[in-house]
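One letter stands for each residue in the lines below.
Protein chains: 2
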Amino acid sequence: MSEKYPNLDSYVESVRDEFEQKLAQFVEIPTVSMQSEHAEDIERGADLAVEYLKAAGIEDAEKAKTEGYPCVVGHLIRDKSYKTVTIYNHLDVQPADRQEWNREPFKFYKDGDRYEGRGTTDDKGPALTALYAVKYAVDNDIPLNFRFLWELEEEIGSPNFDSFLKARAEEFKTDSVLISDTIWISRGKPAVPYGLRGLLSFTLTLETGTKDVHSGLTGGAARNPIGELCQVISECYNARTGEVKIPGFYDDVVKASKEQVGSFLESGFSISNFMKAHELKSVRFDDPATIVKSIMSLPTFEVHGIVGGYSGQGVKTIISPRAEAKISVRLVNNMNGEKTFGLIKEFINTLNPDVKVNYQVSSPPFLGQFEGPYAEAARDAMKFAFGTNPAFVREGGTIGSCTSMQNYLKAPLVFLGLSLPEHSYHGPNENYDWQQASGGMKMFTRYFDTISQL
Amino acid sequence: MSEKYPNLDSYVESVRDEFEQKLAQFVEIPTVSMQSEHAEDIERGADLAVEYLKAAGIEDAEKAKTEGYPCVVGHLIRDKSYKTVTIYNHLDVQPADRQEWNREPFKFYKDGDRYEGRGTTDDKGPALTALYAVKYAVDNDIPLNFRFLWELEEEIGSPNFDSFLKARAEEFKTDSVLISDTIWISRGKPAVPYGLRGLLSFTLTLETGTKDVHSGLTGGAARNPIGELCQVISECYNARTGEVKIPGFYDDVVKASKEQVGSFLESGFSISNFMKAHELKSVRFDDPATIVKSIMSLPTFEVHGIVGGYSGQGVKTIISPRAEAKISVRLVNNMNGEKTFGLIKEFINTLNPDVKVNYQVSSPPFLGQFEGPYAEAARDAMKFAFGTNPAFVREGGTIGSCTSMQNYLKAPLVFLGLSLPEHSYHGPNENYDWQQASGGMKMFTRYFDTISQL
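Line order of the protein sequences matches chains A and B.
Numbering that gives the first Met the number 0 applies: residue 0 is where the first sequence begins, and numbers increase by one.
Numbering that gives the first Met the number 0 applies: residue 0 is where the second sequence begins, and numbers increase by one.
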């Protein structure tokens with residue numbers, strides 16, 4: 000470690016117990032924004048976050064109202080002459096099905112350096128990692144002001160973040176925004192994304208009756224909503240290749256350049272590691288360049304579940320009266336969620352006018368800086384903490400609030416993520432680890448130091 | 000009522016309370032053969048059935064072992080010179096999802112003449128109805144011997160009935176078989192089916208990973224088992240029309256003749272009644288002849304559920320590692336389950352070789368007598384009890400044991416069903432009613448009398 004931060008290593012070790020205790024408390028509040036039964040947990044999670052910020056010296060920390068779930072905000076303006084960084088994280092988490100997990104999803108479990116539980120890596124762990132770096136920076140006189148912006152609706156597409164930030168943009172005046180909610184491609188090889196895919200989600204519903212009917216007595220004449228939805232989905236996309244067949248779908252997609260694809264491939268990407276990290280038995284393509292383009296710079300259409308019908312043991316020969324398909328689209332560069340939804344709805348309406356297409360959420364895609372002083376500071380901080388230059392990539396996931404921050408804060412957005420593919424982002428047995436947390440504290444410290452001097 | 004049976008009306012009224020109590024006890028044992036957790040209930044149901052038969056004077060009634068769940072059998076050979084009829088019913092029932100029902104499915108509920116609960120109409124109610132007619136016939140010296148053959152694996156395709164009956168065929172020597180497990184097309188217009196569709200069920204499974212993955216981080220490259228199964232299903236059949244696209248599928252189907260279709264239409268069939276009875280909002284065709292052909296004399300391919308993926312509130316943007324589709328085919332006339340399964344498996348293998356096609360059950364279609372003395376006796380008994388000639392139809396459903404009985408007992412099979420479309424066969428809020436039960440007792444009595452003299 001550089002002599003510039005003589006006590007950084009020991010600081011990081013000294014806060015480990017406290018970090019783990021705080022992370023455990025965070026994880027054990029199931030802040031699932033997608034399921035309304037967790038509304039009280041969201042409030043409890045926000046209250047705990049306010050406590051954490053106050054304990055770290057951010058005295059004005061508060062649970063700020065939005066039209067939906069609150070944001071937790073706080074400001075540490077130490078000197079008006081200092082530069083200001085706004086740190087964004089989110090504290091809501093994905094749902095978790097106990098049956099798919101090895102242990103209780105909302106119990107924190109520590110196994111050596113590994114921390115398991117829903118939210119450990121997405122995004123409570125990185126939020127706390129950044130907080131501990133801020134504490135160090137303040138204690139060690141790095142001349143920077145800090146603002147915190149912790150959202151609790153990220154996992155549902157940030158439906159109220161835009162209006163919240165628009166109303167309070169003046170309060171969040173900042174020189175740059177730091178977002179720690181992204182994922183490397185490979186452990187040991189840091190990755191800095193400069194773009195994110197957007198998200199559009201919707202459901203298809205079809206109701207042709209009111210009760211299960213007997214497939215012998217009615218089969219042949221009764222309509223089958225599950226079969227009809229299968230047909231609509233298959234007419235929308237080729238599930239073998241991922242190719243979307245909806246007219247106009249690709250019109251606003253800009254192809255990634257050779258240089259960009261080259262940088263994607265430098266991220267440590269390999270098909271075998273990708274398959275291992277995500278526990279995939281096979282993938283759609285056998286060419287690495289096609290795969291990185293497919294996950295980083297092309298849109299998707301995917302079905303996440305078809306609800307309705309018999310799901311027990313054996314084959315119960317009923318025809319279901321209704322079915323629902325859960326579908327999402329990842330958007331890239333110039334694609335617009337509203338326009339894309341319109342194209343999809345129109346197309347499905349011509350295929351099967353009885354199918355209802357129900358809008359859920361939409362977040363625009365984001366494309367930020369690939370170079371410049373903040374990108375340089377990010378590269379340097381990654382190398383400082385993890386010993387190797389990061390790759391500049393785009394991330395396949397979505398952070399709905401990015402575009403709002405870009406629009407209202409008018410400051411560069413920098414993504415310094417710490418999650419790894421094997422952390423099972425959104426999946427069962429989600430985890431985080433001390434290597435990434437301790438490295439992350441050092442990375443953020445170095446980054447704060449560098450940008451304080453810009 | 001004919002003077003030939005002077006006390007029949009009062010007999011039927013006098014047994015009503017006892018009939019209802021026995022039906023209630025029957026219904027409240029959840030004899031679900033499809034779900035292995037009900038194995039003990041099946042045994043309890045069989046024990047109760049043995050009790051019922053003994054109480055009715057069938058002293059040798061017993062729970063007879065098969066390779067699977069038992070059959071309940073009993074013989075009442077009163078005089079070797081009498082003709083013998085074998086009465087077939089089944090005592091196992093379909094699964095029931097509490098959420099879809101207005102009340103507990105396995106609690107008996109009486110509302111005036113209406114009896115609600117799983118199994119009331121399929122097939123515990125008709126079984127008891129026949130038993131009370133036998134009691135009357137014996138008490139009133141109708142010269143006929145009776146055998147009972149009550150199965151407990153009908154709802155899973157009678158996998159062990161064939162070997163059971165083959166081994167004991169000699170014991171069940173009979174002049175005819177009476178089956179009461181079919182459904183009229185319309186209340187007030189009795190229907191006698193002379194054919195049943197067969198059934199072939201299977202599942203399609205596809206596994207492309209071991210855990211849910213993030214549709215942003217992996218979407219585009221990760222395979223989607225739900226999407227791929229949708230595609231396979233859509234390539235197998237057109238869900239809008241029901242037309243099956245598997246090569247060779249229709250090769251062994253014999254078209255129903257004009258005369259047969261005419262008889263189907265005489266059953267009281269109307270599209271509006273069909274839709275009302277099954278609570279359908281729309282059907283595939285607007286022409287009654289096409290609909291009766293589709294449910295009575297054409298095969299089907301239907302998907303009953305797709306399991307895997309997210310089924311909670313909202314859209315959780317994961318890609319599931321596996322999916323299972325539950326599918327069945329109804330077979331007609333010369334179609335053979337094994338051959339049809341082979342065609343389907345081969346076709347799906349060419350579409351998507353990673354999809355596993357897993358055989359479940361198969362029961363051959365059945366085509367019996369449309370005329371002759373037993374058909375005449377059935378027509379006469381229906382008219383005697385319900386005041387109008389029955390229509391001769393084919394039934395879309397399946398009774399797997401029919402072909403075994405035809406093969407080993409070498410006696411005519413006669414279907415005198417009592418269920419109505421509004422009884423919600425296999426559906427939620429299954430019910431039966433006293434009109435059908437009391438009429439049924441009279442119908443069976445008349446039928447026994449007639450066939451005793453053949």
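Bear in mind the hints are in silico, worked out from the structure with no lab data behind them.
Treat the hints with caution; some may be incorrect.
Note that identical chains are pooled: a pair holds if it fits in a single copy or bridges any two copies.
[To be verified] Straight line, CA to CA, 20 angstroms or less: simulated SDA-like cross-link-like pairs of lysine to any residue:
#1 Lys244 <-> Leu350
#2 Lys344 <-> Ala166
#3 Lys275 <-> Ala288
#4 Lys210 <-> Ala410
#5 Lys275 <-> Asp40
#6 Lys244 <-> Glu234
#7 Lys134 <-> Asn144
Bear in mind the structure is a predicted one, so any value in this text is a computation, not a measurement.
Status of each hint after checking the structure:
| no. | hint | result |
| --- | --- | --- |
| 1 | Lys244 <-> Leu350 | both (12 angstroms within a copy, 19 angstroms between copies) |
| 2 | Lys344 <-> Ala166 | neither (32 angstroms within a copy, 60 angstroms between copies) |
| 3 | Lys275 <-> Ala288 | within (18 angstroms within a copy, 56 angstroms between copies) |
| 4 | Lys210 <-> Ala410 | neither (55 angstroms within a copy, 38 angstroms between copies) |
| 5 | Lys275 <-> Asp40 | neither (34 angstroms within a copy, 45 angstroms between copies) |
| 6 | Lys244 <-> Glu234 | both (7 angstroms within a copy, 16 angstroms between copies) |
| 7 | Lys134 <-> Asn144 | within (12 angstroms within a copy, 94 angstroms between copies) |
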